[in-house]
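Trainee: Here are the chains, one letter per residue:
2 protein chains.
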Amino acid sequence: MKSWTRADIQAMQQRYRAMFINSLSGFKSANLVGTTDANGNENLCIVSSVFHIGADPALMGMITRPQSVRRDSVANIKATGYYTLNQVNTDIVVAAHQTSARYEADISEFTETGLTAHYEPGFVAPFVAESQLRIGLKLVETKLLEINQTELIIGEIMLVQSKESALEPDGSIDIEQLNSVAISGLDRYHSTQKITRLSYAKPHSQPEELLFDTPDQTSQE
Amino acid sequence: MKSWTRADIQAMQQRYRAMFINSLSGFKSANLVGTTDANGNENLCIVSSVFHIGADPALMGMITRPQSVRRDSVANIKATGYYTLNQVNTDIVVAAHQTSARYEADISEFTETGLTAHYEPGFVAPFVAESQLRIGLKLVETKLLEINQTELIIGEIMLVQSKESALEPDGSIDIEQLNSVAISGLDRYHSTQKITRLSYAKPHSQPEELLFDTPDQTSQE
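Chains as they are written, first to last, in full-length UniProt numbering: chain A, 1 to 221; chain B, 1 to 221.
For the record, the hints were derived by calculation from the structure and aren't laboratory data. Careful: at least some of the hints might be erroneous.
If chains are identical, the list can't say which one is meant, so a pair holds when it fits in one copy or spans any two.
30 Å max Cα-Cα, derived DSS-like pairs, lysine-lysine [said to hold, decoys possible]:
{"#": "1", "residue 1": "Lys143", "residue 2": "Lys194"}
{"#": "2", "residue 1": "Lys138", "residue 2": "Lys163"}
{"#": "3", "residue 1": "Lys2", "residue 2": "Lys138"}
{"#": "4", "residue 1": "Lys143", "residue 2": "Lys163"}
{"#": "5", "residue 1": "Lys143", "residue 2": "Lys78"}
{"#": "6", "residue 1": "Lys2", "residue 2": "Lys78"}
{"#": "7", "residue 1": "Lys78", "residue 2": "Lys138"}
{"#": "8", "residue 1": "Lys78", "residue 2": "Lys202"}
{"#": "9", "residue 1": "Lys194", "residue 2": "Lys163"}
{"#": "10", "residue 1": "Lys163", "residue 2": "Lys2"}
{"#": "11", "residue 1": "Lys202", "residue 2": "Lys2"}
{"#": "12", "residue 1": "Lys2", "residue 2": "Lys143"}
Just chain A, with the same shape it has in the complex (with noise of 0.2 Å):
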């Protein structure tokens, strides 16, 4: 195992200190933020830093970019107070990638990268007709990390749309099935194969493999 310490990652060349910092928190989700400013420009940008907070009330998070550089969609969500979040899969990786490019505010993402913009009625902001697992969020708080510059987005669930083919009895969406990818760093894309579902651990026993999680796999047995 090689060690690096502190001094050694503030010694490293700002890109390679990027490379090297974002291969460290493990696989990522891979969403796209679609978003509307106030005059109805989409814009539509790929992030690999959302994350669960809670289910009662259904809560979602995301980091945005420190506050010095330009985001849209940040800007977008503060002024209208509604998003999208729509999961990648294998068959829009480079189009979902193709969105971090930096275009002018006025460009619609949507229009230059392919991807088809999908509405809901009674809600602003975009949906990507290609994802197979979209979600409909109401902004309900920001928090800036003074430490960086970054923001904490905090969304409540207002809408959710998958394939009803993925959803489980037990409530679970069992995102493979949806050939939803994983990123890990800065730029690899992941396809994934389920090793295992595991019960709910207790003390003094060990778990046991969940087995009725996919119906060729119950078949198997």
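Given the coordinates of chain A, assemble chain B onto it according to the supplied hints.
Mentor: Here is chain B on its own, set in the frame of chain A:
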């Protein structure tokens, strides 16, 4: 596509809703949090809520459970100011999952699960010897999320240990080479297979696949 509104989500039975909402954010990182209390009692706990906050300073965040439940790891982090994150790999999935059982505070999850505590000179918190990517952090800030009484814990990276063979020339670590796993929902564990690595996106050009990423891949080209 099936749709669920906010009202549909609120009407779900609690456990069903937890399963459902926890599925939505996409793939998550799998890390073991290593801590000790002021008396040196070890604690180890799997978390799926670790995420990147920034590279300079090098910061990682994680979301805790609500303050209403016993949280030994959080108490230990606040008491000692230090903790470790240890990436979970395919060899230790079951032991890692088992750390989520509600052991008493004076029981070491290392002992109970067979994982091995590894100490570095001058660092109070235990690392997991079986992990191939270990991070030592210093607590820099906690932020209470009033909306659901969870906390955001922010740590600065003081030490990183990883298998050197997974380090790429550009500073990134290919965590797939470490057999790191991804989590989805509350209890699914996944291995990964790289789809592609894409160049920095720019307007008016398509991202290109980066090929220097693994020795065996380079030799295939």
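Trainee: Does each hint fit the structure? Answer for all of them.
Mentor: Quick rundown of the hints versus the structure:
{"no.": "1", "hint": "Lys143 - Lys194", "verdict": "neither (35 Å within a copy, 34 Å between copies)"}
{"no.": "2", "hint": "Lys138 - Lys163", "verdict": "within (22 Å within a copy, 42 Å between copies)"}
{"no.": "3", "hint": "Lys2 - Lys138", "verdict": "between (44 Å within a copy, 20 Å between copies)"}
{"no.": "4", "hint": "Lys143 - Lys163", "verdict": "neither (33 Å within a copy, 36 Å between copies)"}
{"no.": "5", "hint": "Lys143 - Lys78", "verdict": "both (12 Å within a copy, 21 Å between copies)"}
{"no.": "6", "hint": "Lys2 - Lys78", "verdict": "between (43 Å within a copy, 28 Å between copies)"}
{"no.": "7", "hint": "Lys78 - Lys138", "verdict": "within (10 Å within a copy, 32 Å between copies)"}
{"no.": "8", "hint": "Lys78 - Lys202", "verdict": "between (43 Å within a copy, 26 Å between copies)"}
{"no.": "9", "hint": "Lys194 - Lys163", "verdict": "both (19 Å within a copy, 24 Å between copies)"}
{"no.": "10", "hint": "Lys163 - Lys2", "verdict": "between (44 Å within a copy, 6 Å between copies)"}
{"no.": "11", "hint": "Lys202 - Lys2", "verdict": "neither (35 Å within a copy, 34 Å between copies)"}
{"no.": "12", "hint": "Lys2 - Lys143", "verdict": "neither (36 Å within a copy, 33 Å between copies)"}
Comparing the model with each numbered hint stated earlier shows that hints 1, 4, 11, 12 do not hold.
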